[in-house]
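Peer 1: Listed below, chain by chain, are the residues.
There are 2 protein chains.
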Amino acid sequence: MKKLINDPRRVVEEAVAGFEAAHGDLVTVSHDPIYIARKNAPRQGKVALVSGGGSGHEPLHGGFVGFGMLDAAVPGPVFTSPTPDPILAATKAVDGGAGVLHIVKNYTGDVLNFETAADLASADGIDVQTVIVDDDVAVKDSLYTAGRRGVAGTVLVEKIAGAAAERGDDLAAVAAIATRVNSVTRSMGVALTPCVVPHAGEPSFTLADDEIEIGIGIHGEPGRERIKIEPADAIVDRILAPIVDDLPFASGDRVLLFVNGLGGTPQVELYIVFRRAAEALAERGITVSRTLVGNFVTSLEMQGMSITVMKLDDELKELWDAPVETAALRWGR
Amino acid sequence: MKKLINDPRRVVEEAVAGFEAAHGDLVTVSHDPIYIARKNAPRQGKVALVSGGGSGHEPLHGGFVGFGMLDAAVPGPVFTSPTPDPILAATKAVDGGAGVLHIVKNYTGDVLNFETAADLASADGIDVQTVIVDDDVAVKDSLYTAGRRGVAGTVLVEKIAGAAAERGDDLAAVAAIATRVNSVTRSMGVALTPCVVPHAGEPSFTLADDEIEIGIGIHGEPGRERIKIEPADAIVDRILAPIVDDLPFASGDRVLLFVNGLGGTPQVELYIVFRRAAEALAERGITVSRTLVGNFVTSLEMQGMSITVMKLDDELKELWDAPVETAALRWGR
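For the protein sequence lines, the chains are G and A, in the order given.
For the first sequence, the UniProt record's numbering assigns the number 1 to the initial residue and increments by one for each residue that follows.
For the second sequence, the UniProt record's numbering assigns the number 1 to the initial residue and increments by one for each residue that follows.
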C-alpha cells in the first residue's frame, strides 16, 4: 500500500485539518467532534442542510459545504458511518431556528446514526426532517444496506435542496424538493480497479487484469456481474440501459447527465464516457440540458465511473442553475 | 491495461467530442484540426491567450478555456506536442486584432511547434508573443527538454494572464504579467505509481511496491531520486525545501499554495499534503494567502502530487481573484 499519509488512524483528522487550512474562507471546522460547518453558521431563519457519511468519497460531503448547498458535513472514519454525536453537534451548530434537513445516503449505519441524532436533536427542540438518497439501480439489499444504495445522485440532492433553502423555502418544502430530486434520479457505476482503505492496508476485493465489476458500490461492494473489459461505449450502453429503464426516462424528457469519476480515472476517459452517454440518450429522444463531469463521489483511488441521470423540470433546472459557492462546486455568484 | 476507451488511437478525438458535448455553453470545438476555442471567439480588441501541449494532463489545457482565462487550447496526442497546424489555426481563430499570447510549457517539441506557428501567424499579420513556463525546480535538462520543465505553475500563468487580458491590458502588458507569474512560481512533484499511455499499452517506467520518485515529470520523466516511501509529512518537507530555497521565498512573503493531484490520488491525501505544506511555510514565516487544491495538471492515472508556490503581490492577488468561468476553474461571476 503506497499512500500519501502519515498514520492510517489519523487520515480523516489530518485531511480535515488540511481542508480547513485550504478553505477557511468558506468553512469552519470542529475537531472534536469532527464536522465541517459553513462559515458564519447558523444563518437565522434559513433551513440548514446537514449531510455526512464515511470518509473516502471526497469531495463528498465536505467539499459541498457553503453558500447554496450544505450547512454542515460530518465525515466518519474511512468507509464507516459517523456516530450520532458529531451528527448531533453539527445539527445543533447550524440550526438557525428554521429546522434542519438531514440528507442521508442509504446505508444501514448512516441511516441509524442520523436517526439517533435526529431524535436527540428533536428532544432539544430542533425540528429535523430526513431524506434518504437511494439512486443506485445496480442492486437491492447490498453488503451495507437494505434497499438501494445512495451514490452520486447525492450531489444533485444536496445542490438542489441547498438552493431551495437559500431562496427561503421552509423545512417541509426543502425536504419535499430533496425527495423529489431523489425520485427522478438514477445511477449506476463500474469499477476497473479496487481501492485500499488505509487502516485495512489491502484491497477489499480483487479484479483480474481483464475484468471489471458492473454495478460496483462506492465502498467496493459487489455489483451485478463481473465481466471481461469491453470498449468504453459498450460499457456505457451496459450501465445506461438499466438507468433509463428504471425510472423510466422517456423520449421528450430533458435531463441532467452526470458522469462521475470514482477517484483514479483520467479525465479523458470520463469525457469519452460522457460522449457515448449523451449520444445514447439522444438516440432515445432524451435531451441533455445540464451536465456535470468530474470526481465528485469517489472511492479513494478506485478507477471507474458512474453515470447519473436526473429528469429535469423548470423548477429543478432553476435550482440547479442557482449560485453555489463551495470548495468543489462553484458558479454564478 | 484497463482503460475506459474505445480505440487507443482515438482517445483525444473522442475525449474532445465529449468535452464539447458537456461544455457547449463555454466552448466551441474544431475537430480538424483539433482545438478548443472559447464560445463566441474572437473577442474584438481583447488580447487572446492560446495554450496547448500533449494530452493526458487534463483539465490542462481545455478545461481552462473560457471567460478570464484561455481563448483556445490545442491538445496534441497523449504526451505528444501538437503540430504547428492546429496551433496556427487556433491562433487565427481567436485573434481579435489585439494580438495573441502563446503560453508554452518548456518541452522541446512544444517550444518548436508553437514557434513555427507563431512565425506563420506573424506572416499573416497577427501579433504573437510567447511566454515559456518553466516552474519545475526538480531537474535541469530532462528527457524532453533543455532547461527546466513547465508543470503545474502553468495554471497560475494562464489564470492571471487571462485576467489581465480580460481587464483590457495590451499584448505587451499581458506577456509581461505572464512572465512575472512564471518568475515568482516554483513547483516540484512526486510519483507513487506510473501511468500507462493508451497507445503504448505499458507503463513508461516502473516503481517497486515501496518506492516513490521524487521530482517526477508530468510525463513520468525521471526526477531527482528514487527513495523508499516515507510518511506524507516527510515527503512534503523533502519537496517543499528545494521549492522555497530556489526563488528563494523568504519570511514575510505572502504566497499562493497549490497542491496538485497527478490524476489518481485520493482527495484526502491531497489535503494531508496541503496541511503539512501550509504548516511548513508558516514555520518559515511565509503566509499562505491564496490556495488551490485538486487535480489540475495530471499525468493520466498516475498517483502522486506536486506542490507549487507563487509569491503574491497586490496586483497578482487581484488578478487571481478576478472572475473566471471555465470547465475546471470557476468563480466570482
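Please note that the accuracy of each hint is not assured.
A pair counts as met if it fits within one copy or between any two copies, since identical chains are not told apart.
Derived lysine to aspartate or glutamate pairs resembling EDC-like cross-links, with alpha carbons at most 20 Å apart [unchecked claim]:
#1 Lys140 / Glu279
#2 Lys311 / Asp245
#3 Lys317 / Asp169
#4 Lys2 / Asp314
#5 Lys228 / Asp32
#6 Lys2 / Glu166
#7 Lys311 / Glu279
#8 Lys92 / Asp124
#9 Lys317 / Asp237
#10 Lys140 / Asp170
#11 Lys317 / Asp25
#12 Lys311 / Glu225
#13 Lys2 / Glu315
#14 Lys2 / Asp85
#15 Lys2 / Asp237
#16 Lys39 / Glu318
#17 Lys39 / Glu315
Bear in mind the hints are in silico, worked out from the structure with no lab data behind them.
Peer 1: Hint by hint, note whether the structure agrees.
Peer 2: Do the hints match the structure? See the list:
Taking the shortest alpha-carbon separations for Lys140 and Glu279, neither the intra-copy value of 28 Å nor the inter-copy value of 46 Å comes in at or below 20 Å. Taking identical chains as interchangeable, the C-alpha atoms of Lys311 and Asp245 lie at most 20 Å apart only when both belong to the same chain, with a minimum of 13 Å there against 54 Å between chains. For the homomeric pair Lys317 and Asp169, the shortest alpha-carbon distance inside one copy (16 Å) is at most 20 Å, but the shortest distance between copies (37 Å) is not. Proximity of Lys2 and Asp314 under a CA criterion of 20 Å is satisfied in neither setting, with 47 Å inside one chain copy and 40 Å between copies.
Taking identical chains as interchangeable, the C-alpha atoms of Lys228 and Asp32 are never at most 20 Å apart, the minima being 46 Å within one chain and 34 Å between chains. Taking the shortest Cα distances, Lys2 and Glu166 never come within 20 Å of each other, neither inside one copy (42 Å) nor across copies (43 Å). Proximity of Lys311 to Glu279 under the C-alpha cut-off of 20 Å is restricted to the intra-copy arrangement: shortest distance 17 Å within a copy versus 45 Å between copies. In this assembly of identical chains, the alpha carbons of Lys92 and Asp124 lie at most 20 Å apart only when taken from the same copy (9 Å versus 66 Å across copies).
Taking identical chains as interchangeable, the C-alpha atoms of Lys317 and Asp237 are never at most 20 Å apart, the minima being 26 Å within one chain and 46 Å between chains. Proximity of Lys140 to Asp170 under the C-alpha cut-off of 20 Å is found in neither arrangement, the shortest distances being 33 Å within a copy and 61 Å between copies. When the C-alpha separation of Lys317 and Asp25 is checked against a cutoff of 20 Å, the pair qualifies only between copies, where the shortest distance is 15 Å, while the shortest distance within a copy is 28 Å. Taking identical chains as interchangeable, the C-alpha atoms of Lys311 and Glu225 are never at most 20 Å apart, the minima being 27 Å within one chain and 52 Å between chains.
In this assembly of identical chains, the alpha carbons of Lys2 and Glu315 never lie at most 20 Å apart, being 46 Å within a copy and 40 Å across copies at closest. In this assembly of identical chains, Lys2 and Asp85 lie within 20 Å of each other by CA distance neither inside one copy nor across copies; the values are 32 Å within and 42 Å between. Taking CA atoms no more than 20 Å apart as the test, Lys2 paired with Asp237 passes between copies only; the shortest distance there is 18 Å, against 34 Å inside one copy. In this assembly of identical chains, Lys39 and Glu318 lie within 20 Å of each other by CA distance neither inside one copy nor across copies; the values are 25 Å within and 22 Å between.
For the identical chains of this complex, Lys39 and Glu315 are neighbours neither inside a copy (28 Å) nor across copies (27 Å), given an alpha-carbon limit of 20 Å.
Checked against the numbered hints above, the structure violates hints 1, 4, 5, 6, 9, 10, 12, 13, 14, 16 and 17; every other hint is satisfied.
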